[in-house]
Amino acid sequence: MKSEVKISGDRMEITRVFDAPRHLVFAWWTQAEKLQQWSGCKEATKCEIDMDFRVGGSFTQKMQIAGAGEFSFGGRYDEIIEPERIVYHANFGPVITRVIVEFFEQGRGTKVVVTHEGCPDEFFSKTVSQGTTESLDKLDLLLASQAVSLPL
Amino acid sequence: MVNNQAKITAIFAALADPTRRRILARLSNSGAGPVTALAKPFRISAPAISRHLRVLEKARLIHRRREGRVHVIRVRAAGFQPARDWLAQCAAEWDFSFDALDELLKIEQRKGKQHEVRGKNQR
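As you go down the protein sequences, you meet chains P and Y in turn. According to our numbering, the first sequence is numbered sequentially starting from 1283. According to our numbering, the second sequence is numbered sequentially starting from 1113.
Isolated chain Y, as found in the complex (with noise of 0.2 Å):
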């Protein structure tokens, strides 16, 4: 996973923005669009949009196919693997750690129990 980091990263910053959250919103509703018609609900300009498609591109979180002149956008559902893997992992460990707990307590509890008796026998 230690190689993964950078991409990770990348995911989870192209995805920390709300703009760029909305176009990829748009893209897995309508599938894919040129780039034109992406643009249009966002009151933002042309080369912001741009920006934001290529931190997207970078991230690999979208695909750009270009016909001719037009450029058509497509979400790349398997860019999101990383970042996945990761929110997994997160949780296994925590799994992992939480059967390491158990025990603890279970042999915390057993000592306290042992003590109890003690206490009782010796009064």
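So that you can see chain P by itself, here it is in the shape it has in the complex (with noise of 0.2 Å):
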């Protein structure tokens, strides 16, 4: 996995460092036509986005996965700031996640940071990791050292 992930309090962050200025890597977030072409997971064999890229409009992105049918879901734009932010509310799978995509210029590239918040890691953090049971440490090792790919 090149992506750097990073669970704690009651988020997720993904991270991943782009070799392209910052202004470039936010378009890819913000037509359709361009998202589509890499926005989708794995077993996806074809992956269709409606998007109405502005504050308060709404995307479904809609895949057609392997074996699994069609999986769709969707959300709306709840702040955009260009070219540094993108907030969402997403139906992602089985949970609400606010998502938030922050732009960062490093030297000639860029960093984007994903956040979803409203996952279930507080309670990982907070009551498993200390607990006698298993520790969050081993997810961070899981997704540090493989890049895990399951069918949706």
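To be clear, the hints were calculated from the coordinates, so they are not data collected in a lab. Even for Gly, the Cβ is constructed at its ideal location relative to N, Cα and C. Hints should not be assumed to be uniformly reliable.
[What the hints assert, rightly or not] So these bits of chain P aren't anywhere near chain Y, every CB distance computed over 10 Å: (1) Val1337; (2) Gly1338; (3) Phe1341; (4) Glu1361; (5) Arg1380; (6) Glu1399.
[Claimed, not checked] Okay, derived cross-link-like pairs now, DSS-like style, lysine-lysine, Cα gap no bigger than 30 Å in a straight line: (7) P:Lys1328 with Y:Lys1218; (8) P:Lys1316 with P:Lys1288; (9) Y:Lys1119 with P:Lys1344; (10) P:Lys1328 with Y:Lys1119; (11) P:Lys1284 with P:Lys1316; (12) P:Lys1284 with Y:Lys1223.
Using the hints, build the complex out of the two chains.
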């Protein structure tokens, strides 16, 4: 896995550095034709995105998953600050999470930090990791050492 | 993972409640305990505690053992695995998507440079 994954408090952060200027990286998030070229899971054979990229606008992402049929999720944009920040609510799989995407200039490149809030990691970090049971570090290790690929 | 959706939903729904998270926190600190001892620090009724425990039990996050009339509750660490997997999958999917974006950006950058060179040559 080339991305860095960090789980703390009640959030999960995924960080990735891209070797491109910030305005270019940001642009790939703002239009459906661009976004659907890269967004989607490994098993998706086809990805269609409908998006109204403005504060209050909504989006839906439909994917065809080999062996499992269609999977879709949607959400609404809460905040857009070009080219720094996009915040949206997503009905992402079984949970609704608030997703914050931040774009930082880093040298000639761009650091992108995706934060999922409302994941159950508050529980993981505050209880399981401090208790006698398995710790959250395991998950960190798991994420750092291998790309977990599970069908949806 | 499709078959797991119901399980994951049950886990997340169980964890969404602060009282249930506190019950789990207490349990993972103490290991196991009878329901009565577990209920002590919470200013809610016994039936309310029972309801919370039933939700946790249904989500398979706790295990209940009956010792005569006493119910001993313990955390089921393995019960969290589907939720962990979901989180891991969520991160893995971003990583996978980011690989694709990385490629697209590289292609775009190369094209941009070619345009620049062409522009300069024309001038």
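Right, here's what the structure says about each hint:
no., hint, in the structure
1, Val1337, "holds (23 Å)"
2, Gly1338, "holds (25 Å)"
3, Phe1341, "holds (15 Å)"
4, Glu1361, "holds (19 Å)"
5, Arg1380, "holds (14 Å)"
6, Glu1399, "holds (13 Å)"
7, P:Lys1328 with Y:Lys1218, "holds (22 Å)"
8, P:Lys1316 with P:Lys1288, "holds (27 Å)"
9, Y:Lys1119 with P:Lys1344, "holds (23 Å)"
10, P:Lys1328 with Y:Lys1119, "holds (27 Å)"
11, P:Lys1284 with P:Lys1316, "holds (22 Å)"
12, P:Lys1284 with Y:Lys1223, "holds (25 Å)"
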